[in-house]
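Full structure from sequences and hints, please.
For the sequence shown, position 86 matches number 82 in my numbering, and the numbering has no gaps at all.
Since the hints were made in silico from the structure, they are not lab data.
Backbone N, C-alpha and C fix where the C-beta goes; we use that ideal spot for every residue, glycine too.
Please note that the accuracy of each hint is not assured.
Result set (BS3-like, lysine-lysine): computed pairs, CA atoms no more than 27 Å apart in a straight line [stated by the list, open to error]:
1) 58 to 36
2) 63 to 36
3) 23 to 224
4) 47 to 58
5) 58 to 23
6) 114 to 158
7) 119 to 158
8) 224 to 54
9) 224 to 58
10) 224 to 63
11) 47 to 119
Between beta-carbon pairs, the in silico distance windows are [stated by the list, open to error]:
12) 41 to 158: 36 to 42 Å
13) 106 to 36: 32 to 38 Å
14) 33 to 208: 17 to 23 Å
15) 123 to 59: 29 to 35 Å
16) 54 to 209: 29 to 35 Å
17) 60 to 106: 19 to 25 Å
18) 30 to 161: 33 to 39 Å
19) 28 to 194: 27 to 33 Å
20) 36 to 139: 45 to 51 Å
21) 54 to 158: 33 to 39 Å
22) 1 to 45: 41 to 47 Å
23) 161 to 74: 36 to 42 Å
24) 41 to 164: 35 to 41 Å
25) 74 to 54: 17 to 23 Å
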Amino acid sequence: MKNNYFPDFISNVSQSFIPVVSSAFSKEEYILIDLSEDNKYLDDIDVSSSKAFEGYIKEYLKENNSKVAYGGYNEVRGIYKRSTHFNQQDSETERNIHLGIDIWCDAGTEILSPLDGKIHSFKNNNNYGDYGPTIILEHMNNEVTFYTLYGHLTIDSLSNLKVGQNVCAGDSIAHLGDASVNGDYAPHLHFQIIKDMQGNVGDYPGVSSKRDLDFYLQNCPDPNFLLKI
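Spelled out as structure tokens, the structure:
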């Protein structure tokens, strides 16, 4: 399958809302959040502080009478400037465009597999500002293989995993980590869909530069095509 058809394929894999965090949250309890560099409310937040950012998320949820915030696909963000893992001097090569969907809720929240699959790989990506503990699942649908990535988990989420281990749709596969283990972020799940892993194991770029964006938007389509939040 050519990558330029892959987003349409993913849209057809599901017909309705699929949770990837605790099924205790209904679709109606989710709210979209803007964390782009255009959100002027973030100008008053110390985005280098995971505690301050978590406070902002909690207040946003409270104000909107919601339990879970989500969003961020193809979003240009300023938060990555705090980390040399992402930050480059050249505006064309600086990695600041988000390739997954972030789902913001409490540390310890259960993470669910949206589809049947198996463990492809797992790793603790412990650079500052990175994913922290990460799991990647491999799926096959209509003879098409693709992958889903789950970042910012607890350390314990990587215990007792085996490559090739089968998982079923709805299975609990992990829990959300806190800032001490998740790359120093407010607790959230980074969920990403990937067509071609390009040889990566336990990791895959979750943020793109302007230069590479066209490729990544095709290889990593909007996860909400699948989740339908």
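Against the structure, the hints:
1. 58 to 36: Given that 27 Å is the threshold and the Cα spacing comes to 19 Å, the pair holds.
2. 63 to 36: holds, 23 Å
3. 23 to 224: OK: residue 23 and residue 224 at ~9 Å, within 27 Å.
4. 47 to 58: Roughly 16 Å between the alpha carbons, so the hint for residue 47 and residue 58 holds.
5. 58 to 23: It holds: about 16 Å lies between the C-alpha atoms, which stays within 27 Å.
6. 114 to 158: holds, 9 Å
7. 119 to 158: holds, 12 Å
8. 224 to 54: holds, 23 Å
9. 224 to 58: Between residue 224 and residue 58 the Cα gap is close to 23 Å, so the pair holds against 27 Å.
10. 224 to 63: Distance of about 17 Å is within 27 Å: holds.
11. 47 to 119: holds, 25 Å
12. 41 to 158: 36 to 42 Å: holds, 41 Å
13. 106 to 36: 32 to 38 Å: holds, 34 Å
14. 33 to 208: 17 to 23 Å: holds, 19 Å
15. 123 to 59: 29 to 35 Å: holds, 33 Å
16. 54 to 209: 29 to 35 Å: holds, 31 Å
17. 60 to 106: 19 to 25 Å: holds, 23 Å
18. 30 to 161: 33 to 39 Å: At 37 Å between Cβs, range holds.
19. 28 to 194: 27 to 33 Å: holds, 30 Å
20. 36 to 139: 45 to 51 Å: holds, 47 Å
21. 54 to 158: 33 to 39 Å: Hint holds: Cβ distance 36 Å, inside 33 to 39 Å.
22. 1 to 45: 41 to 47 Å: Once the Cβ atoms are compared, 42 Å apart, the range 41 to 47 Å for residue 45 and residue 1 holds.
23. 161 to 74: 36 to 42 Å: holds, 38 Å
24. 41 to 164: 35 to 41 Å: holds, 39 Å
25. 74 to 54: 17 to 23 Å: Hint holds: Cβ distance 20 Å, inside 17 to 23 Å.
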